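Novice: The listed protein sequences derive, respectively, from chains Z and W. If you read the first sequence in our numbering, its first letter stands for residue 15, the second for the next number, and so on. If you read the second sequence in our numbering, its first letter stands for residue 17, the second for the next number, and so on.
Watch out, some of these pointers could steer you wrong.
Have a look at the derived ranges for each label pair, beta carbon to beta carbon [what the hints assert, rightly or not]:
(1) Leu173(Z) x Lys130(W): 31 to 41 Å
(2) Lys578(Z) x Lys130(W): 29 to 39 Å
(3) His259(Z) x Leu29(W): 18 to 28 Å
(4) His259(Z) x Ser19(W): 23 to 33 Å
(5) Gly122(Z) x Ser19(W): 55 to 65 Å
(6) Lys564(Z) x Pro131(W): 55 to 65 Å
(7) Gly588(Z) x Pro131(W): 31 to 41 Å
(8) Met56(W) x Gln340(Z): 29 to 39 Å
(9) Met56(W) x Arg617(Z): 47 to 57 Å
(10) Gly83(W) x Pro273(Z): 44 to 54 Å
(11) Thr193(Z) x Pro167(W): 53 to 63 Å
(12) Asp613(Z) x Lys84(W): 37 to 47 Å
(13) Ser79(W) x Thr612(Z): 21 to 31 Å
(14) Met56(W) x Asp461(Z): 27 to 37 Å
To be clear, the hints were calculated from the coordinates, so they are not data collected in a lab. From a predicted model like this one, the values you see are computed outputs, not experimental measurements. Heads up, the beta-carbon is just placed ideally off N, CA and C, and yes, glycines get one too.
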Amino acid sequence: MSTLQMERRAFLKISVAASGGLLIGLYLPGASKRAAAQERSASAFMPNAFLRIGTDERVTVIVNHSEMGQGVYTALPMLLAEELDADWSKIGYESAPVDAKYNHPIFGMQITGGSSSVYSGFEQYRNAGAAARAMLIAAAAVQWNADPASLRTESGTVLDGTNRKLSYGQLAEAAAKMTPPAKVTLKDAKAFKLIGTPAKRLDTPEKINGKAVFGIDVKNAGMLTAVVARAPVFGAKVKSFDDSHARNMPGVRKIVPVPSGVAVVADSFWQAKMAREAVRIDWDEGEMHAFSTTEMMQQFREQAKSPGTSVRRDGDPDGALAKAVQKIEAVYEVPYLSHLMMEPLNCAVDLREDSCEIWTGTQFQTVDRAAAAKAAGLPNEKVQIHTTFLGGGFGRRATPQSDFVVEAVHVAKAAGVPVKVVWTREDDMQGGWYRPAFLHSIVGGVDASGNPVSWKSRLVGQSIMAGTPFEAMMKGKEYDPASVEGVDDLPYEIPNLAVESHQAKVGVPVQWWRSVGHSHTGFATECFIDELAALAHKDPYRFRRSLLTKHPRHLAVLDLAAQKAGWGKPLPKGRARGIAVHFAFGSYNAQVAEVSVTDGKVRVHRIVSAVDCGHYVNPGIISAQLEGGAIFGASAALYQELTFENGRLHQTNFHTFPVMRMNECPEIETHIVESNEKSGGIGEPGVPCTAPAIANAVFAATGKRIRKLPIRMTEAV
Amino acid sequence: MISFSVNRQRVNLDVDPSTPLLWVLRENLGLTGTKYGCGMAQCGACTVHLDGEAIRSCVAPVSRAAGKEVTTIEGLSPDLSHPLQRAWLAEDVPQCGYCQSGQLMSAAVLLREKPRPSDEDIDQAMTGNICRCGTYPRIRKAIHRAAAMMPAGGAK
């Protein structure tokens, strides 16, 4: 039996379960159960796990990545539709259940991360479409008694040389009886009709009429809402609690202790929240009770004075530095950051004796399912996760410990009822799993001609991988690749280079945050190369160019951004430009920022962002990701930091952890390099350059260097 | 018992009058298109119209709606035909989509009051609505596009 046949059989089983009413709601967010049932009954042809074709002509693509704004519900269907020669107006999407056949082809589990969804699915989804197309052709060939090789396909129909045609819907039932092809031939890139076009996002209609279902919108009959009173300090444990006032408040059904705190379960969110305020908890605050980020950064500065674990060493960095004509030393610091998705965390759980159903916006289905199964005391296969739309992810919804999923299972278990745990904005911001704070201490020198001869980077910060099930990815190294990515592959031609890492041990839970290590290495390295250019009295754009002669793709985006931004051309008085270039997640990005500084306030007027992400699928979505990436990066550069004192986080909501708003948003121009190189990512690569481009522009405008984020002119040097 | 109208339908509810309108819409009436983002009128995800004015429903007690007309995203148009929805489609505005209901409801009031808004008008009307995905440049373009689509005299 071929793989495809086996997959089909397994898929049919899932479909049967769904038509029994078990999984409805997941498959078609926003649609009524009735509509979902109709859709399913019309699905006559299910050639593999990735699509169904109905007699009503609808082609439903099953997407194995989570839609969190990055456009996978459009880009992956485009890949499939291209090879299927489908009618794009008949394409729909559906989120995949948790199943090994939906694993990420590179990571081996179901995950949305690393800006990898589209390039990892590039062949997977095209193969699925091509296999279906072959079966539709085979069905038409039988009907017409024709040679399959004499038939062609176009926009959802099979045609022969005599203008006979059959639509995919007409062929669906017959195609289902055909043998899946052992092998398919994919189109040559030159033949693509859909791939490479700015096709409109398929999910826009339901996102502008209120119908799209996010995790927080899930409501099943009999499901109650819970909020959890969590530790005020990381690692704190409940000593005792008094719920005597809260218990009798309106709508309150249960108040139960869970490992993360005390859960208040009520008929509605507001009732649960009100009652939570009336629960008195005595905490054992544990080791973090006196934690302060001011002290932590002081310790980081001390640590940076001693050599760390060697990550990379080229030539003789110390010897070369001693001989350098001019030297410069700089310490860059970046704070803890919250992902701050617009939709605060939430998770709905229906736990039964022998099953556990979960509805949530997650980036990490395989890991969450295993963690939920463990918490529920059930085998993995008894747990199903329905992935809703994600109101932003940025890495927070891919927690190795599955914190928000496991907690919800515990609440459902303790309360004995189906519950949806909803986090308030404050809960979400104070709940941890931040971008780690980092310090980069860099020293470099140039020779008499101004060429850099030595660069030594020393990093201090927490590891994301250490202590998690992903520690294996560190491959026994004493440093975390996710800490040093973006500096360990510094592209500049500098003969003597050292990169060292200190892995700080701090009890603050940290995690990947859009662009991960690149979010700070991009800032530190691109500011420091700018400082070296100034030391050498050279133009920062030309200085970079001269050191990138062996890196044509870096050069191409750098040139494109500089040219489109009018690098070197006069600007209105008070305005200046800064530039940065960085490689991350398989793609190259360069940005030029135009800023002014008035009364100590930085205003970003314009950002030009150029990307080479290799062979691309949807330039409209790429532009959107570059625009969003620059705004994400600018928010961090200008406003954001998380600070702790006495173990407690100062920031609580948008007023203390601001996000860029419409009135502050610069003009953003995006440019994509035409490329036939291997595809790279796009969700994250547009973030790292923004902060250094702004900081370098501030230097150009004021002569002052920004070495600490967020930018405060009072701290500029 | 509190009575008001939501998307032109009369509702009578037995709820605590201090409950924010947001949660009544979402939980009692099942209108989940209006979103919770901050609970303190900081982000605009919960924006709805109360007698035609844009309000932050997360801080408005439901009692404030008594006897009035509430319009939510579900009531903006029955069929995506509002000029703003058409412009949002044309500009491919949403990414994650979570803030977009609030963005549209704020923009709808702006266009009613200023059928040909300037960039400054857009800044002023839309600055209370946060988008973490960074769709602002497209929102701005879409508002201009919608304005160009509207008959002279503005939106209804």
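Novice: Next, verify each hint and record whether it holds.
Specialist: Consistency of the hints with the structure:
1. Leu173(Z) x Lys130(W): 31 to 41 Å: violated, 52 Å
2. Lys578(Z) x Lys130(W): 29 to 39 Å: holds, 32 Å
3. His259(Z) x Leu29(W): 18 to 28 Å: holds, 26 Å
4. His259(Z) x Ser19(W): 23 to 33 Å: holds, 32 Å
5. Gly122(Z) x Ser19(W): 55 to 65 Å: holds, 57 Å
6. Lys564(Z) x Pro131(W): 55 to 65 Å: Since the Cβ atoms of Lys564(Z) and Pro131(W) sit about 56 Å apart, the hinted range of 55 to 65 Å holds.
7. Gly588(Z) x Pro131(W): 31 to 41 Å: For Pro131(W) against Gly588(Z), whose Cβ atoms are near 34 Å apart, the range 31 to 41 Å holds.
8. Met56(W) x Gln340(Z): 29 to 39 Å: Given a distance of about 51 Å, which is not inside 29 to 39 Å, the answer is violated.
9. Met56(W) x Arg617(Z): 47 to 57 Å: violated, 26 Å
10. Gly83(W) x Pro273(Z): 44 to 54 Å: holds, 47 Å
11. Thr193(Z) x Pro167(W): 53 to 63 Å: holds, 58 Å
12. Asp613(Z) x Lys84(W): 37 to 47 Å: The hint (37 to 47 Å, Cβ to Cβ) holds, given that Asp613(Z) and Lys84(W) are roughly 43 Å apart.
13. Ser79(W) x Thr612(Z): 21 to 31 Å: Violated, at about 44 Å.
14. Met56(W) x Asp461(Z): 27 to 37 Å: violated, 56 Å
The structure fails to meet hints 1, 8, 9, 13, 14 from the earlier list, while all remaining hints are met.
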